[in-house]
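Taken in order, these protein sequences are the chains called A and B.
So the first sequence is residues 29 to 370, counted in this note's numbering.
So the second sequence is residues 29 to 370, counted in this note's numbering.
Be careful, since some hints might not be right.
Pairs involving identical chains hold if they fit within one copy or between any two copies, as the list cannot separate such chains.
[What the hints assert, rightly or not] Mimicking SDA-like on lysine to any residue, the simulated pairs with C-alpha atoms at most 20 Å apart in a straight line are:
(1) 282 - 328
(2) 156 - 140
(3) 282 - 331
Hints in this document: simulated from the structure, not taken from any laboratory.
Protein chains: 2
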Amino acid sequence: MTGSDGGNSAYGNRTFQRSKAHFTDRITADGRDGWPVEPGRYRLVVSRACPWASRALVSRRLLGLESALSLAVADPIQDDRSWRFTLDPDGRDPVLGIRYLSEAYDRREADHPGGVSVPAIVDVPSGKLVTNDYQQITLDLATEWRALHRDGAPDLYPEALRDEIDAVMADVYEDVNNGVYRAGFATEQAEYEAACSAVFRRLELLTPRLARQRYLVGDTITEADIRLFTTLVRFDAVYHGHFKCNRWKLAENKVLWGYVRDLYQTPGFGDTVDFDHIKRHYYQVHTGINPTRIVPLGPDLSGWLTPHHREELAGRPFGDGTPPGPPPPDEQVSPQGRPTPK
Amino acid sequence: MTGSDGGNSAYGNRTFQRSKAHFTDRITADGRDGWPVEPGRYRLVVSRACPWASRALVSRRLLGLESALSLAVADPIQDDRSWRFTLDPDGRDPVLGIRYLSEAYDRREADHPGGVSVPAIVDVPSGKLVTNDYQQITLDLATEWRALHRDGAPDLYPEALRDEIDAVMADVYEDVNNGVYRAGFATEQAEYEAACSAVFRRLELLTPRLARQRYLVGDTITEADIRLFTTLVRFDAVYHGHFKCNRWKLAENKVLWGYVRDLYQTPGFGDTVDFDHIKRHYYQVHTGINPTRIVPLGPDLSGWLTPHHREELAGRPFGDGTPPGPPPPDEQVSPQGRPTPK
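All chains, please: the whole structure from these sequences, using the hints.
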């Protein structure tokens, strides 16, 4: 999210606190904040390492917004100016023409408080940041961008289920999405233990629910699944070891391991995930936790492609809709970021 | 072994090298080095955290040498004077009367080179260190101390199998026992990757062998099993996360997980293991790897007590001998160091 999560965390003197997004303008169908939904006008900036940005990557794929909302992928390793476009030719985003995401932040507001975070949506004509509101962006993609959705796009935030989705997401945010960070960035044993215990308590509460039903809410994929997925897909790779959430690996929990593999193997989920970016980001950026910056060889990724048998549960992944097609050729995850079949 | 393995390792400027033991006198039946085997004369100093010292803990139990060779257990957390007796009343070993193991080293040789390491055997009358030769001590307990073995003690180093035992132990030492340290203390990515790959390559070579036979060599427990056990029992608790040997957890390898649980549940093995000492030592002493000194809550230990079904393989754990009885009451591992049945 922010540069080394340094805008949020504090090593050594206080409890980890995740910042609220500073730029909370919304891009809406009616343009009430001055930012109407328009095809081709905005650019989504992500890191494939970041779970918060990855929510938007998944939503954009599921909803078929690839051509309406273009994509910039930042280098997983930030420097002291934060996220940078060093994966692109000449180290510049080819559409925005900038080297650092911070340049779009600065164009919007000089000396803005808070860090430079992804996901970020930038207005291409002005080069200004519109929003870095990680809690709102995907909800708006699901609801405000409907006119630009592909045919067969699922309803990721159905009105009838919003109360339940919101309730599940609130618990998952507190204990899991953000809980792993509170565990990993803890500087005191008691603080770590409280966070780590909450992570596993919540996962153990979710387990019987997901043993009975294929998805978290209703019988289709919703925003709640996207938000749980982006943490779970990182669990064994970085949260287990690097953040010390090591009571068990996800691969040892039959239900959750089946659930996350089911989603991983669903078009729009796994095809956004780059394990290489994930591992290099966490292990190389957080030098307060991993001073050697060595990136582990494990875990073995081949299990991600094994049968999960979740089809046996009732459930219609896309409801009355259809799965998305493959990602655009220039958005394929590199081979080193993906599991190789055994 | 040594203080934070600082006598052996080097953070930041050179490849990890394990020191040879400096004091290599042997305690033998014929006393040819001046140190004859005698009941009650020597004191074994260990840390329950240390895999090298734990070899001697297991051998002593299997051979029934508890009353012949007394035991001092050091605090798992060393300070800058290395291993200390802070678990004992007034912070002094009640038999040797010393606060630091280094005092016995100093009595033997002022300004000795190399670190202060466990296992160490001290001559009680003189208070002098006799040996810290971690590769030889257990072989001598098995062969030179025979006159003091309990009735029914197994032959842990049978003559007819020594070539095979030595060959297996040499590979296991290089790739596994010491390999996990080379991985964990690596300061360069390539160095880490070579070591970590060798760890798993060796474990994968051992897997089919241990799928066929209950023990590494022959059909009984030998020194080779003791040496593999003391690394494997620590694998998921510290080597997997802290030393980044994370291709898979041992609990994910059916054969090795069965093998190590079989030994853990065998009298003389698991009753020497203190997971609390192990975790606190590694995570709190190696601040170059874990600067926060936070000790993870995981892994869940309850699996250690689950059925392993290894009895189905041919094999006679103690050969023509018998298992040892329970450990002496004052040598019981504390409850926080042991798994609780589910």
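Structure-based check of each hint:
For the homomeric pair residue 282 and residue 328, the shortest alpha-carbon distances inside one copy (17 Å) and between copies (16 Å) are both at most 20 Å. In this assembly of identical chains, the alpha carbons of residue 156 and residue 140 lie at most 20 Å apart only when taken from the same copy (13 Å versus 67 Å across copies). In this assembly of identical chains, residue 282 and residue 331 lie within 20 Å of each other by CA distance both inside one copy and across copies; the values are 12 Å within and 15 Å between.
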